[in-house]
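With the first letter of the sequence shown counted as 1, position 66 gets the number 65 in numbering that gives the first Met the number 0; the numbers rise by one all the way through.
Rather than coming from a laboratory, the hints here were simulated on the basis of the structure.
What you are looking at is a predicted structure, and each value in this text was computed from that prediction instead of being measured.
A portion of the hints provided could be inaccurate.
With a cut-off of at most 30 angstroms between alpha-carbon atoms, the simulated BS3-like pairs for lysine-lysine come out as follows [what the hints assert, rightly or not]: (1) K107 <-> K94; (2) K4 <-> K33; (3) K100 <-> K73; (4) K50 <-> K64; (5) K33 <-> K13; (6) K75 <-> K64; (7) K64 <-> K94; (8) K13 <-> K32; (9) K75 <-> K94; (10) K100 <-> K64; (11) K73 <-> K33; (12) K32 <-> K50; (13) K50 <-> K4; (14) K1 <-> K50; (15) K1 <-> K32; (16) K73 <-> K107; (17) K107 <-> K64; (18) K100 <-> K75; (19) K1 <-> K33; (20) K94 <-> K73; (21) K50 <-> K13; (22) K75 <-> K107; (23) K13 <-> K1; (24) K33 <-> K50.
The calculated label-pair distances, taken between Cβ atoms and stated as ranges, are [stated by the list, open to error]: (25) P74 <-> K13: 42 to 50 angstroms; (26) L3 <-> E89: 48 to 56 angstroms; (27) L56 <-> R7: 39 to 47 angstroms; (28) I117 <-> G30: 39 to 47 angstroms; (29) K32 <-> K107: 41 to 49 angstroms; (30) L56 <-> Q78: 22 to 30 angstroms; (31) D24 <-> K64: 36 to 44 angstroms; (32) A49 <-> K1: 17 to 25 angstroms; (33) R93 <-> I46: 32 to 40 angstroms; (34) P27 <-> K100: 44 to 52 angstroms; (35) P53 <-> K107: 23 to 31 angstroms; (36) A10 <-> K33: 43 to 51 angstroms; (37) A44 <-> G110: 44 to 52 angstroms; (38) P5 <-> R95: 45 to 53 angstroms.
All C-beta atoms in this analysis are idealised placements derived from N, C-alpha and C, irrespective of residue type, glycine included.
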Amino acid sequence: MKELKPIRNNAEYKFVLAEISQLIDNEPIPGSKKGDRFEVLLMLAEIYEAKRYPISLPDPIEAIKFRMEQAGLKPKDLQPMIGGLNRVYEILNRKRPLTLKMIWNLHKMLGIPAESLIQQGA
0 MKELKPIRNN AEYKFVLAEI SQLIDNEPIP GSKKGDRFEV LLMLAEIYEA KRYPISLPDP
60 IEAIKFRMEQ AGLKPKDLQP MIGGLNRVYE ILNRKRPLTL KMIWNLHKML GIPAESLIQQ
120 GA
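Construct the complete structure from the given sequences, taking the supplied hints into account.
Here it is in structure tokens:
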């Protein structure tokens, strides 16, 4: 078994993925020596991927539309969070920016991450 260390390059990443693949086929018992190694390998791979391949946050309006689609919501369902139906359409059509109060309401009531909502729209 190779010593565990941070992944610094693509070759090391591929080596870790190969070992993870082998362990997935015969998943070790959690808490065992192999189980602990498996868990640490997964964490190392996850950290490397987050640094190497960061996922950017979605556009605020796209995040709202995606959540609407997920929950089967119509524009009228956003009125308690945004205001009148005209205001909802202005937001969805990018004619008006989100206010802090709208962002807070959308985050609290729909569970949309605030980080996604506070970005400048495209």
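Going through the hints against the structure:
Distance hint between K107 and K94 is fulfilled; the C-alpha atoms sit about 23 angstroms from each other, no more than 30 angstroms. The hinted pair formed by K4 and K33 meets the criterion: a straight-line CA distance of about 16 angstroms does not exceed 30 angstroms. Our distance criterion of 30 angstroms between C-alpha atoms is met by K100 and K73, whose separation comes to about 20 angstroms. Among the hinted pairs, K50 with K64 is consistent with the structure: their alpha-carbon atoms are about 28 angstroms apart, no more than 30 angstroms.
In summary, the hint linking K33 to K13 is supported, as the alpha carbons are separated by about 19 angstroms, within the 30 angstroms threshold. With a C-alpha separation of about 13 angstroms, the suggested pairing of K75 with K64 holds against the 30 angstroms cut-off. Taken as a hint, the K64 and K94 pair is honoured in the structure, with Cα atoms around 15 angstroms apart against an allowance of 30 angstroms. In summary, the hint linking K13 to K32 is supported, as the alpha carbons are separated by about 22 angstroms, within the 30 angstroms threshold.
For the suggested pair K75 and K94, the alpha carbons sit about 17 angstroms apart, so the restraint of at most 30 angstroms is met. Pair hint K100 plus K64 holds up; C-alpha atoms about 18 angstroms apart against a cutoff of 30 angstroms. Between K73 and K33, the direct Cα distance comes to roughly 50 angstroms. Violation of the 30 angstroms bound is thereby established for this hinted pair. Between K32 and K50 the CA atoms are separated by roughly 27 angstroms; this keeps the pair inside 30 angstroms, and the hint holds.
Between the alpha carbons of K50 and K4 the distance comes to roughly 16 angstroms, so the proposed pair stays at or under 30 angstroms and holds. Between the alpha carbons of K1 and K50 the distance comes to roughly 23 angstroms, so the proposed pair stays at or under 30 angstroms and holds. Our distance criterion of 30 angstroms between C-alpha atoms is met by K1 and K32, whose separation comes to about 14 angstroms. Simply put, K73 and K107 have alpha-carbon atoms about 18 angstroms apart, close enough for the 30 angstroms limit, and the pair holds.
In summary, the hint linking K107 to K64 is supported, as the alpha carbons are separated by about 16 angstroms, within the 30 angstroms threshold. This hinted pair checks out: K100 and K75 have alpha carbons roughly 18 angstroms apart, not beyond 30 angstroms. Proposed proximity of K1 and K33 is supported: the alpha carbons are some 12 angstroms apart, at most 30 angstroms. With a C-alpha separation of about 18 angstroms, the suggested pair K94 and K73 falls inside the 30 angstroms cut-off, and the hint holds.
Distance check on the hinted pair: K50 and K13 sit about 15 angstroms apart at the alpha-carbon level, within 30 angstroms; holds. Only pairs whose Cα atoms come within 30 angstroms are accepted, and K75 paired with K107 is accepted, the gap being roughly 17 angstroms. For the hint linking K13 to K1, the alpha-carbon distance of about 14 angstroms falls within 30 angstroms, and the restraint holds. At most 30 angstroms may separate the alpha-carbon atoms for a hinted pair to count; K33 and K50 meet this at roughly 26 angstroms.
The beta-carbon spacing between P74 and K13, approximately 47 angstroms, falls within the hinted interval of 42 to 50 angstroms. Between L3 and E89 the beta carbon distance is about 53 angstroms. The supplied range of 48 to 56 angstroms therefore holds. The given range of 39 to 47 angstroms is broken by L56 and R7, whose C-beta atoms sit roughly 27 angstroms from each other. A hinted range of 39 to 47 angstroms holds for the C-beta pair I117 and G30, which are about 41 angstroms apart.
Against the hinted window of 41 to 49 angstroms, the Cβ-Cβ separation of K32 and K107 comes to about 45 angstroms, which satisfies the hint. At about 25 angstroms, the beta-carbon gap between L56 and Q78 stays in the expected band of 22 to 30 angstroms. The beta-carbon spacing between D24 and K64, approximately 40 angstroms, falls within the hinted interval of 36 to 44 angstroms. Between A49 and K1 the Cβ separation comes to about 22 angstroms, which falls inside the hinted range of 17 to 25 angstroms.
For the hinted restraint 32 to 40 angstroms between R93 and I46, the CB-CB distance of approximately 36 angstroms keeps it satisfied. At roughly 50 angstroms, the beta carbons of P27 and K100 sit within the given window of 44 to 52 angstroms. Hint check: P53 to K107, Cβ distance near 27 angstroms, so the stated range 23 to 31 angstroms holds. The hint said 43 to 51 angstroms for the Cβ distance between A10 and K33, and at roughly 23 angstroms that hint is violated.
At roughly 28 angstroms, the beta-carbon separation of A44 and G110 lies outside the given 44 to 52 angstroms, and the hint is violated. Against the hinted window of 45 to 53 angstroms, the Cβ-Cβ separation of P5 and R95 comes to about 46 angstroms, which satisfies the hint.
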